[in-house]
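Going down the list, the sequences are from chains A and B. Going by this note's numbering, the first residue of the first sequence is number 1, and it counts up by one from there. Going by this note's numbering, the first residue of the second sequence is number 1, and it counts up by one from there.
Please keep in mind that the hints were generated in silico from the structure rather than gathered at the bench. The structure presented is a predicted model; accordingly, all values stated were derived computationally and were not measured. Fair warning: there could be bad hints in the mix.
[Unchecked claim] Below, simulated DMTMM-like cross-link-like pairs (lysine to aspartate or glutamate); rule was C-alpha separation at most 25 Å, straight line: (1) A:Lys235 - A:Asp76; (2) A:Lys7 - B:Asp132; (3) B:Lys23 - B:Asp13; (4) A:Lys7 - A:Asp322; (5) A:Lys124 - A:Asp227; (6) A:Lys124 - B:Asp132; (7) B:Lys34 - A:Asp129; (8) A:Lys53 - A:Glu74; (9) A:Lys124 - B:Asp28; (10) A:Lys240 - A:Asp227; (11) A:Lys53 - A:Glu70; (12) A:Lys7 - B:Glu133; (13) B:Lys23 - B:Asp265; (14) B:Lys34 - B:Asp192; (15) B:Lys34 - A:Asp76; (16) A:Lys124 - B:Asp289; (17) A:Lys7 - B:Asp10; (18) A:Lys235 - A:Asp129; (19) B:Lys34 - B:Asp265; (20) A:Lys53 - A:Asp76.
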Amino acid sequence: MAHYIMKRLFTLMITVAGIAVVTFFLSLVVPLDPLAAIAGPQSPPETVERLRKLYGFDQPTYVQFGRYVERLAEGDLGMSFQTNRPVLDDILNFFPATLELATIALIFSVVFGMILGILSAVYKDSLLDHFSRIISLIGVSMPVFWLGLLLLLVFYFQLGWLPEPGRLDIMLIEPPRITGVLLIDSVIAGDWEVFWDALWHAFLPAVVLGLFGLAGIARIARSSMLDVLSQEYIKTARIKGLSEYLVITRHALRNALVPTVTMIGLTYGSLLEGAVLTETIFSWPGLGRYLTTAFLTLDLNAIVGGTMLVAILYSVVNLLVDLLYAYLNPKITLAQHDA
Amino acid sequence: MPDAATKALDTADMRRLRAQARKRYLHDSYVLWKRNPITVTGTLIIVFLVLVALFAPWLATHDPYDQILAQRLMPPSWDNLFGTDNLGRDIYSRVVHGARLTLMIAVLVAAISAPIGLLVGVLSGYLGGIVDEVLMRLSDIFLAFPKLILAIAFAAALGTGLENAIIAISIANWPGYARLVRAETLAIRNSDYIQAIQVLGASRTRIMLQHITPMCLSTLIVRVSLDMGAIILIAAGLGFLGLGAQPPSPEWGLMVSDGRNYLVDQWWVSTLPGFAILIVVLGFNLVGDGLRDILDPHQRQS
Chain A
1 MAHYIMKRLF
11 TLMITVAGIA
21 VVTFFLSLVV
31 PLDPLAAIAG
41 PQSPPETVER
51 LRKLYGFDQP
61 TYVQFGRYVE
71 RLAEGDLGMS
81 FQTNRPVLDD
91 ILNFFPATLE
101 LATIALIFSV
111 VFGMILGILS
121 AVYKDSLLDH
131 FSRIISLIGV
141 SMPVFWLGLL
151 LLLVFYFQLG
161 WLPEPGRLDI
171 MLIEPPRITG
181 VLLIDSVIAG
191 DWEVFWDALW
201 HAFLPAVVLG
211 LFGLAGIARI
221 ARSSMLDVLS
231 QEYIKTARIK
241 GLSEYLVITR
251 HALRNALVPT
261 VTMIGLTYGS
271 LLEGAVLTET
281 IFSWPGLGRY
291 LTTAFLTLDL
301 NAIVGGTMLV
311 AILYSVVNLL
321 VDLLYAYLNP
331 KITLAQHDA
Chain B
1 MPDAATKALD
11 TADMRRLRAQ
21 ARKRYLHDSY
31 VLWKRNPITV
41 TGTLIIVFLV
51 LVALFAPWLA
61 THDPYDQILA
71 QRLMPPSWDN
81 LFGTDNLGRD
91 IYSRVVHGAR
101 LTLMIAVLVA
111 AISAPIGLLV
121 GVLSGYLGGI
131 VDEVLMRLSD
141 IFLAFPKLIL
151 AIAFAAALGT
161 GLENAIIAIS
171 IANWPGYARL
181 VRAETLAIRN
191 SDYIQAIQVL
201 GASRTRIMLQ
211 HITPMCLSTL
221 IVRVSLDMGA
231 IILIAAGLGF
241 LGLGAQPPSP
251 EWGLMVSDGR
261 NYLVDQWWVS
271 TLPGFAILIV
281 VLGFNLVGDG
291 LRDILDPHQR
301 QS
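Generate the whole structure from the sequences, applying the supplied hints.
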């Protein structure tokens with residue numbers, strides 16, 4: 001196991017280095033546009049030229065890359081043109097909101113995805129099974145941004161059942177920032193009004209964001225449950241006279257969980273992705289919206305820093321999932337012992 | 001020469017048997033396809049999309065770019081089946097023309113990223129060693145980014161526009177294919193017939209081009225068709241964010257975004273183009289879902 005972890009960590013390091021190269025390449029593809037943006041559209045070529053020197057864009061590529069790596073090593077991601085603050089501060093500022101939203105969405109998709117998947121395996125080919133298959137297919141086919149708009153239209157504008165886009169009611173004051181996650185900060189501050197309001201505001205975006213993951217989890221849960229249910233030891237358990245409920249909860253479920261855990265990890269990664277669109281629609285002040293604005297305004301440092309952080313996070317999550325999978329599935333390590 | 005005659009007969013026999021087997025396989029596939037209402041529905045949706053795209057100019061009732069400001073934000077009616085948008089353009093005609101864009105994006109992304117994935121995968125799997133190591137680490141790096149984020153990043157960096165969006169999505173898409181083809185190549189590489197050709201003195205290029213590539217194609221094609229829905233969703237997402245197709249193009253994602261400000265009182269502006277995205281993506285995913293069953297050997301035996 002230790003050997004496996006070391007090997008994976010090494011690969012992760014190579015990947016992170018590669019991520020830095022790709023993001024640097026991104027900044028190479030756009031060198032002139034941000035300069036024109038800073039200088040203004042009407043500025044004479046000489047001004048742009050001077051700016052290019054100032055930002056070091058006139059240097060050979062390898063010199064630029066060296067400088068870039070140097071800065072990264074110091075944890076300096078540069079200044080955002082848009083907010084006029086260091087990109088790293090911006091990211092740390094916006095990230096907790098994304099984490100909060102993605103976690104609630106994950107809980108939603110895991111709970112309902114598992115229930116749906118397991119039930120449709122147990123009652124295979126029943127009406128419920130078909131219904132759940134169709135729900136999953138619609139879930140993966142749904143343009144997130146469109147679903148978000150529709151639900152906002154119905155539940156906020158028309159019915160008024162759910163709160164306006166945003167993270168908190170305007171009339172409420174945010175608790176002192178400790179973790180940046182409102183749900184935690186409000187508990188620490190003992191401000192339950194804020195807690196419930198924040199949860200209420202997160203409800204719709206989390207459902208929209210979680211729907212995609214729900215579909216995938218339901219599908220994997222169903223197929224792995226079906227696999228397990230067809231095995232000999234389940235027959236044995238049934239012959240022993242155990243109730244169907246016990247067979248499923250005690251014997252089948254545990255083994256069916258292993259592939260599902262992998263899927264849950266992958267879902268967490270894809271939630272980061274979906275957050276870009278969901279946050280834009282629900283005015284959620286998270287990393288996704290920060291990134292989108294950066295992309296649209298060609299805020300180069302923010303693009304590079306934000307993309308890099310998301311990619312590193314995504315890789316780390318994937319690594320953790322693989323490790324968890326190896327831990328949960330003793331066959332992998334056993335096979336190594338036998339060999 | 002009797003030997004040559006028997007051999008010729010054998011080849012002819014082989015060819016006939018092979019043709020029969022292929023026919024039976026196709027027939028079985030057809031039966032499985034027909035048995036599954038999900039696949040049939042999906043196929044019908046895709047056929048419908050292709051027909052709409054082909055006949056867009058005849059199906060459209062208005063010019064998709066024609067702005068009649070006096071008739072802006074009109075609700076759906078017989079004149080304007082899906083209503084009009086904030087510039088008085090007929091939404092139905094725009095959705096119909098948008099089918100062309102959607103189909104074009106999906107086809108072009110597949111046409112760009114699948115061959116790259118095929119090339120990288122075959123090279124990496126067959127040559128092995130340092131080539132394999134370098135190419136696979138490279139694809140690892142691209143796989144380290146969530147697809148949508150990578151596509152957005154490249155779309156923004158290359159400059160907004162439909163062509164760049166297509167390139168950006170392709171950049172995000174090829175590593176998955178390379179992985180798949182590599183795995184397939186590794187499985188084929190050590191098979192007897194490849195070794196036999198090697199002994200006969202075939203060059204590496206010849207083996208890769210004529211003997212390995214064709215064997216990888218079917219797996220790759222299936223995977224690409226499974227991905228079609230996801231590709232369309234990413235393209236629509238880029239359009240929605242303003243990083244894909246640019247106004248006045250009738251791209252569906254962009255049209256949803258156009259209607260955002262009129263959501264409350266003029267629901268049709270955003271809703272109908274978005275519904276088109278849902279239906280088309282659903283069509284591809286339904287077929288993909290059925291395809292999985294059709295190609296599953298377990299299903300075939302039953």
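So, going through the hints one by one against the coordinates:
no., hint, verdict
1, A:Lys235 - A:Asp76, "violated, 60 Å"
2, A:Lys7 - B:Asp132, "holds, 18 Å"
3, B:Lys23 - B:Asp13, "holds, 15 Å"
4, A:Lys7 - A:Asp322, "holds, 12 Å"
5, A:Lys124 - A:Asp227, "holds, 12 Å"
6, A:Lys124 - B:Asp132, "violated, 43 Å"
7, B:Lys34 - A:Asp129, "holds, 20 Å"
8, A:Lys53 - A:Glu74, "holds, 23 Å"
9, A:Lys124 - B:Asp28, "holds, 24 Å"
10, A:Lys240 - A:Asp227, "holds, 20 Å"
11, A:Lys53 - A:Glu70, "holds, 19 Å"
12, A:Lys7 - B:Glu133, "holds, 15 Å"
13, B:Lys23 - B:Asp265, "violated, 56 Å"
14, B:Lys34 - B:Asp192, "violated, 37 Å"
15, B:Lys34 - A:Asp76, "violated, 59 Å"
16, A:Lys124 - B:Asp289, "holds, 17 Å"
17, A:Lys7 - B:Asp10, "violated, 52 Å"
18, A:Lys235 - A:Asp129, "holds, 22 Å"
19, B:Lys34 - B:Asp265, "violated, 44 Å"
20, A:Lys53 - A:Asp76, "holds, 20 Å"
Against the hints set out earlier in the document, violations occur for numbers 1, 6, 13, 14, 15, 17 and 19.
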